[in-house]
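Same order as they appear, the protein sequences are chains P and H. At the far end of the first sequence sits residue 187, using the working numbering, and the numbering has no gaps. At the far end of the second sequence sits residue 345, using the working numbering, and the numbering has no gaps.
Be aware that a few hints might be false.
[To be verified] Here are the simulated DSS-like cross-link-like pairs (lysine-lysine), alpha carbons at most 30 Å apart as the crow flies:
id, chain 1, residue 1, chain 2, residue 2
1, P, LYS63, H, LYS142
2, H, LYS286, H, LYS244
3, H, LYS146, P, LYS63
4, H, LYS339, H, LYS284
5, P, LYS171, H, LYS286
6, H, LYS142, P, LYS171
7, H, LYS284, H, LYS244
8, P, LYS142, H, LYS146
9, H, LYS271, H, LYS244
10, H, LYS271, H, LYS339
11, P, LYS63, H, LYS174
Because the hints were derived from the structure by calculation, they are not lab data. None of the values given here were measured: they were computed from a predicted structure.
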Amino acid sequence: MPPRNPRLDQLLAAVASGDEAAFAELYQATSSKLLGVALRILRSREVAEEVLQEAYFKVWERAGDFNPDIAAPMTWMAAIVRNRALDEARRRVIRPTADETELENLKSDDEHPIAALERAEDVERLMRCLEGLEPDKQQMVRLAYLDGMSREALAKRFDRPEGTIKTWLHRSLAQLRGCLER
Amino acid sequence: MTELDDIDGLAAEYVLGTLPRDERLAVAERRAADKALDKAIAAWERRLSPMIETVSPVAPSPNLYNKIRAQIGLSQHVVSLRAREQQLARRAARWRNAFVGASALAACAVGVLGYRETSFRQDGRQYVAVLHSGTDKPAFLLTLDTKTSTCVITAVNAPPQPEKIYQVWMVNDQMPKPKSLGMLNEGEMNVMPMAPGPETDLLMNASFAVSLEPMGGSPTGLPTGPVLFTGKLVQATP
Numbered sequence: 006m007p008p009r010n011p012r013l014d015q016l017l018a019a020v021a022s023g024d025e026a027a028f029a030e031l032y033q034a035t036s037s038k039l040l041g042v043a044l045r046i047l048r049s050r051e052v053a054e055e056v057l058q059e060a061y062f063k064v065w066e067r068a069g070d071f072n073p074d075i076a077a078p079m080t081w082m083a084a085i086v087r088n089r090a091l092d093e094a095r096r097r098v099i100r101p102t103a104d105e106t107e108l109e110n111l112k113s114d115d116e117h118p119i120a121a122l123e124r125a126e127d128v129e130r131l132m133r134c135l136e137g138l139e140p141d142k143q144q145m146v147r148l149a150y151l152d153g154m155s156r157e158a159l160a161k162r163f164d165r166p167e168g169t170i171k172t173w174l175h176r177s178l179a180q181l182r183g184c185l186e187r
Numbered sequence: 108m109t110e111l112d113d114i115d116g117l118a119a120e121y122v123l124g125t126l127p128r129d130e131r132l133a134v135a136e137r138r139a140a141d142k143a144l145d146k147a148i149a150a151w152e153r154r155l156s157p158m159i160e161t162v163s164p165v166a167p168s169p170n171l172y173n174k175i176r177a178q179i180g181l182s183q184h185v186v187s188l189r190a191r192e193q194q195l196a197r198r199a200a201r202w203r204n205a206f207v208g209a210s211a212l213a214a215c216a217v218g219v220l221g222y223r224e225t226s227f228r229q230d231g232r233q234y235v236a237v238l239h240s241g242t243d244k245p246a247f248l249l250t251l252d253t254k255t256s257t258c259v260i261t262a263v264n265a266p267p268q269p270e271k272i273y274q275v276w277m278v279n280d281q282m283p284k285p286k287s288l289g290m291l292n293e294g295e296m297n298v299m300p301m302a303p304g305p306e307t308d309l310l311m312n313a314s315f316a317v318s319l320e321p322m323g324g325s326p327t328g329l330p331t332g333p334v335l336f337t338g339k340l341v342q343a344t345p
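Next up, chain H with everything else stripped away, as it sits in the complex:
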């Protein structure tokens, strides 16, 4: 009778399934770099797999395939998001180069926008309002895509305010009073869905202001706290 050498014995027991857990994990790791071991494992898989002919098939639950599809769909979504992020990062880098000589503020705004505007369509006209206090770095960015009618407010550098919340307002000569767009202290917020048309036009020509309000927002429907940051939309892409 032939004897199994060390590698073949290890491979055989790995495929048979009888290795103790730690040895099993060690083999799984080692085979990636150990060609001889990997080959021996494949050979034992070939030798023993005909045994599964004797296993009775059992139909999976009907929804299992959907779960698998969902998992695949999710992974593809992540892959495409990653590709999109890389594309945006490259574009942001080009923009930054194009903006050499422009103000630090503009360069910063476009740089940040480049990374954040994942919901924007490339072919849409895009606008950005940098909301700042006049001296500091931008506190909020408001981005608008006219093609998709999406408007996003992002807190980029808003100083934390305990027990208070930042409220964002739209101000326009054609509106009787400031309109609240929402409240946020961090992260980002969608202002919409917004129907294209008059409302978009109002937004396009508006000024934006951020006031500091009690938690829960202004009790009167108008800014009550100090207005800390302001800005107007400018076109972000040619």
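Pulled out of the complex, with its shape left as it was, chain P reads as follows:
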């Protein structure tokens, strides 16, 4: 397994000791990706940027809690962004059939070099395991994780009762875990 990019670990450690230059570099390296993550869930640049602002503030405040043995920096930061974005989405009850145009109109940017965030091998394995799911289950997991769709929204989308969706999700996640641990 190739070592993960140690730069983000270094930056987070420096941020934990109050290093503002390190924080700026961390922001430069990760903010485009994380805005992309928030935007997929929230569908509004304005709201997504508010969430991102809060998330980076939390990163600054909590960098000392980051434990490199438990998570890669990007996993840790993405969790902060996603949790805030999902809370906001549930609070606002974003319509499941949200207008896609705003999202499509947003210019996507080239990846910052440091933000080759996850180990390529991890990405490859997850993708392979996702592809092992039936196509609609696969889509369901992606719509939930990446687009922030709730059980309710998925129930509408797949025209199934929420209870069925919950069962499908649990089975799919169990299958994923089994595949990832092989």
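Please arrange chain H on chain P, whose structure you already have, making use of the hints.
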């Protein structure tokens, strides 16, 4: 196929984002105390986070970083203010101890000053005038820092006066007439910016008086109402 047990199922759906809002909030709260749940959540974050590789990055607005920096700066400012308040509170406590045996008035003045003089530099010479009626608790404090040339008047215990306002005056033999420093009924007021030099000297050697005036202040530029409180500057720190 393996099944997810309750905790793992909850953690998986929490990370996936599909829990209904109330369950989601309950999990967020519970994980702080529930090590097993927290660990299961971290494991699912590790398993699923590679999916964000497929998300297209979008550059944030150019001013977003400044907003974040401002928020951080503000929080640091608050933290340093809190530290400063604690430092001042400790100092005030020392002063109070040092003043045991001195008059209740002096002890009170220094105690109040200790909490209020946040704009003062520690190394500056600091003076305080306790403006009182001779019998009651101090009504106003006037504090002066000669290093920073800051002068603040604080209403500490001024009885409310409907339809009237307290006006603070500086009186000095070397001045032809009393000079108004300003009006206030509550809170505090900066009298300045004041250039160091002759004006500071005038202030240092002045007496201070508070008169009760119509709203908007004395119509004549001189005290017209009763003079209720007076005082002179004394050195507050050695």
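Evaluation of the provided hints:
A threshold of 30 Å between alpha carbons decides the hint, and for LYS63/P with LYS142/H the separation of about 21 Å falls inside it, so the pair holds. Restraint check for LYS286/H and LYS244/H: satisfied, since their Cα atoms lie roughly 25 Å apart, inside the 30 Å limit. Distance check on the hinted pair: LYS146/H and LYS63/P sit about 20 Å apart at the alpha-carbon level, within 30 Å; holds. A threshold of 30 Å between alpha carbons decides the hint, and for LYS339/H with LYS284/H the separation of about 17 Å falls inside it, so the pair holds.
Proximity of LYS171/P to LYS286/H is assessed by CA-CA distance (about 78 Å); at most 30 Å being required, the pair is judged violated. Pair hint LYS142/H plus LYS171/P holds up; C-alpha atoms about 25 Å apart against a cutoff of 30 Å. The straight-line distance between the Cα atoms of LYS284/H and LYS244/H is roughly 28 Å, inside the 30 Å bound, and the hint therefore holds. About 26 Å separates the Cα atoms of LYS142/P and LYS146/H, which keeps this hinted pair within 30 Å; it holds.
The straight-line distance between the Cα atoms of LYS271/H and LYS244/H is roughly 21 Å, inside the 30 Å bound, and the hint therefore holds. In summary, the hint linking LYS271/H to LYS339/H is supported, as the alpha carbons are separated by about 24 Å, within the 30 Å threshold. The hinted pair formed by LYS63/P and LYS174/H meets the criterion: a straight-line CA distance of about 14 Å does not exceed 30 Å.
In summary, the one numbered hint that this structure violates is 5.
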